[in-house]
Each structure stands twice: as C-alpha cells, then as structure tokens.
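Trainee: So you can see what is in the structure, the chains are spelled out below.
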Amino acid sequence: EVQLLESGGGLAQPGGSLRLSCAASGFTFNSHAMNWVRQAPGRGLEWVACVSGNGHTIYYSDSVRGRFTISRDNSKNIVFLQMASLRAEDSAIYYCARGRTMIVPRASDYWGQGTLVAVSS
Amino acid sequence: DIQMTQSPSSLSASVGDRITITCRASQPVDTFLNWYQQTPGKAPKLLIYDASTLQSGVPSRFSGSGSGTDFTLTVSNLQPEDFATYYCQQTFSTPPFTFGPGTKVDIK
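If you read the protein sequences in the order shown, they are chains D and H.
Reminder that position 13 of the first sequence reads as 13 in my numbering, one-by-one numbering, no gaps.
If you want my numbering, it's the position in the second sequence, counting the first as 1, plus 121.
Mixed in with the good hints, there may be bad ones.
Unchecked claim - So the derived list for chain D, only partly shown, Cβ under 7 Å to chain H, looks like this:
hint : residue
1    : 44
2    : 45
3    : 47
4    : 50
5    : 59
6    : 61
7    : 95
8    : 106
9    : 107
10   : 109
11   : 111
12   : 114
Said to hold, decoys possible - Residues of chain D placed beyond 12 Å of chain H at every Cβ, according to the derived structure:
hint : residue
13   : 15
14   : 16
15   : 17
16   : 19
17   : 21
18   : 26
19   : 30
20   : 43
21   : 54
22   : 75
23   : 82
24   : 91
For the record, the hints were derived by calculation from the structure and aren't laboratory data.
Glycine included, C-beta positions come from ideal geometry on N, C-alpha and C.
Chain H with its partners taken away, still in its complex shape:
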C-alpha cells in the first residue's frame, strides 16, 4: 500500500499569512492527489483534486502543485475560516486510497 506523510504536523499562522503544507507519497502517484480541509465537528471538504485542480466554489487563495511523490498545498492570504486540519489523499491506480496524517493550522 502507498503510505502518505505530511509536514509539518501542525503550524501556527496569522490572518493574512501565506502557508505551505507538504505531502509525500511512498511511491509515485502521478497527479492522483487530493487535498481536503476539515474543521472541528464537520465533514471533510474537497479543496483540490488531481494535484492542482481547484474544486468548484473553493477560493482561489488555495492552490496545489506537484506530481510523482512530492506535493504542496499553499494558502495565500490566510483567512479566519482557513484555520483547520488539512489532509492529502492519494487515489493512484486501485484502492486503498490512503490519507496523510493531517496538518493542523491554528492561530498564532
């Protein structure tokens, strides 16, 4: 199975900051990489799929890049509603479609 890691595991930031979260796969996943956002008590929300395609309705301050094994999620001009936990997920080939362990973004 493909293992996913994320760094950092947590970070503190301020409104208006630019943050970057890294996701790494244990083997190449092409661009079959998704990013989700989850706030406490809520279901996850799809932000980006296919590594860099913004899901409909998601603000353009979110962006994704990468291919193969290394991926990044960038949030520019961090807003109060962006303080959440972010997960990457690989969906390469056939399941299991593993998630990363998550990165918690909180207020500095």
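So that you can see chain D by itself, here it is in the shape it has in the complex:
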C-alpha cells in the first residue's frame, strides 16, 4: 500500500525557516517524481515544486523559487522541502504527492494527509 506521511509543519515567524519531510512507503521510490502542492485556508490548490526520481531534475513555482529547496533521499525514501525567508502568504497546508511518471509528475496519484504551516509573528 502506497503511503506518504508529511511532517515538519508548524508555526514560523516571518523571515524564518522550516523543513518539511515526506516519508514514502509501498512503492519503488526512485521510479517516481515527487511534488509538493499547497493550499492556503479556504483557497485552491497551488503547485509548489517537484523533483525527478533520481533527484537531478527540479522545478519550482515563481512564488517560491529562490526561497524553497526541494530534495530527496532515495536511500531513505524521503522527500524534503526546505523553506526559508517565509512570508505570511506561505501559510498553507502542504501536501506531498507522488507523480505517476519519473522525470516530472504528469499526474499525482497518491497524496499525503498534509502538514500545516503557519507564518505569523
């Protein structure tokens, strides 16, 4: 059974940092691109970042590029989202999602339960 379990969310101050983790199990981890998608309270879905199965191909949304870093550890089946220079508008539930394909996630077929990030002073 495919499982994705996010952790690391919480309260951060503006300008601060957080690192989100997503532990994956139940599938061949390095055969799938992974991505992070966020959802601000009461708002729609926003794609944030993705990483290829081998970790070599990475993309970011314009809203987080230069502040967030996605990475993965294929020896431990974990994908990370390092978030820095946090802003109030980064407050959201962050979902980890598995891509159906290896290089970029053409569709996301499994999702974690989400982890809540709140940025406030």
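Since the structure of chain D is already known, use the hints to place chain H on it.
Mentor: Coordinates of chain H only, in the frame set by chain D:
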C-alpha cells in the same frame, strides 16, 4: 506560465443528476490535463489523467474529454459522495503545473 480557468465556479445539483465542468487553458496543453476531487479536510484525489484516462479505482460515472485548450469533466448519476470541489491541472511540457481555481459542487 499557463493559466487555467474553470466554469462554473460552483453549482448545485441533486443525487442522480449529470453534471459537466469545463476547464480552459490559456495555451494548448495537448492532453496533459488532470482532474482531481477534494472533499473538506481531505487531500485531493486523482480522478482522470491525460484528459480522459480514468484513474484506477475511480467509478465509471466519471469521464473526461478534450484536448488543446478546452476540457470537460462529466459526472453521470451524481452520488452523495460526489459533492466536493473539483480541480483541473495542466502538466504540459515543463512546470509550473498550474491548477484551475476549482468548481464546488453542492447539494441542491
């Protein structure tokens, strides 16, 4: 970046109804178009990928069509568990892979 729009933004329907949601891309995306369903407090669920391919385990009352810039999601014989918000997402070429703003389907 490719922008996605959806119509309507919300609709009211009854159990047993047939509903159609439209998604439009600001430029052609071939058939790289996905549909997701989200119920309150839950993660999104993939319903359809590549515009018309039903994800494993999704009931056949869900169907998708379209290519290029115009796409539709149809739900036939609406069931109580189908009252949710539906999002389209384009995954053409390279990211960012943008989502539409969502269509909320509630009970009439």
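Trainee: Taking the earlier hints as the rules, which of them does this structure contradict?
Mentor: Hint check: 20 fails alone, others pass.
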